[in-house]
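Engineer: Sequence:
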Amino acid sequence: MKRTTVTRRTAAGMLFAALIAITHGSAPSDAREVVDIVLHGKYFSEPATVRFMVSVEPDASNRTLRIEADSDDMFRASEIALNGADEKRLHTITFKNLAAGRYLLRAQVLSTKDVLGTATDDVVVTGMGLR
40 MKRTTVTRRT
50 AAGMLFAALI
60 AITHGSAPSD
70 AREVVDIVLH
80 GKYFSEPATV
90 RFMVSVEPDA
100 SNRTLRIEAD
110 SDDMFRASEI
120 ALNGADEKRL
130 HTITFKNLAA
140 GRYLLRAQVL
150 STKDVLGTAT
160 DDVVVTGMGL
170 R
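Converting from the sequence shown to my numbering requires adding 39 to each position, the first position being numbered 1.
Because the hints were derived from the structure by calculation, they are not lab data.
All of these numbers come straight from a predicted model, not from anything done at the bench.
Any given hint could turn out to be false.
Said to hold, decoys possible - Taking lysine-lysine and the BS3-like style, the derived pairs with C-alpha atoms no more than 30 angstroms apart in a straight line are:
#1 Lys127 with Lys152
#2 Lys127 with Lys81
#3 Lys81 with Lys135
Please build the complete structure, drawing on both the sequences and the hints.
Structural biologist: Laid out in structure tokens, this is it:
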């Protein structure tokens, strides 16, 4: 009988593959994200102009798109009124003059009562103030 030796790296790889299969297999194939951030680039120079797109799945409940850029030293937010299922899918967002720091970009789609979906992404603005 032949013995097979499994290394820690191989076992970790098999566990990772199994977790990926489980998480991808648990969602219905026609499931769609309510909101998504489309960002080209992760690093910007101070004072940064960060332009990105937010994709919103049209739905009759969609009333507000809230967009935020949040760091330790700065917070910016904006809201766009949505016209439910008749609203366009893509929205271009620009945050100007961002100081150095690590920012969490957050996009939320809201109905009149609830948060319907949230997407996040990170950007880094480099400059004299970043440590």
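Engineer: Compare the structure with each hint and give your call.
Structural biologist: Hint by hint, here is what the structure shows:
no., hint, verdict
1, Lys127 with Lys152, "holds, 21 angstroms"
2, Lys127 with Lys81, "holds, 26 angstroms"
3, Lys81 with Lys135, "holds, 15 angstroms"
In the structure shown, no violation is registered for any of the earlier numbered hints.
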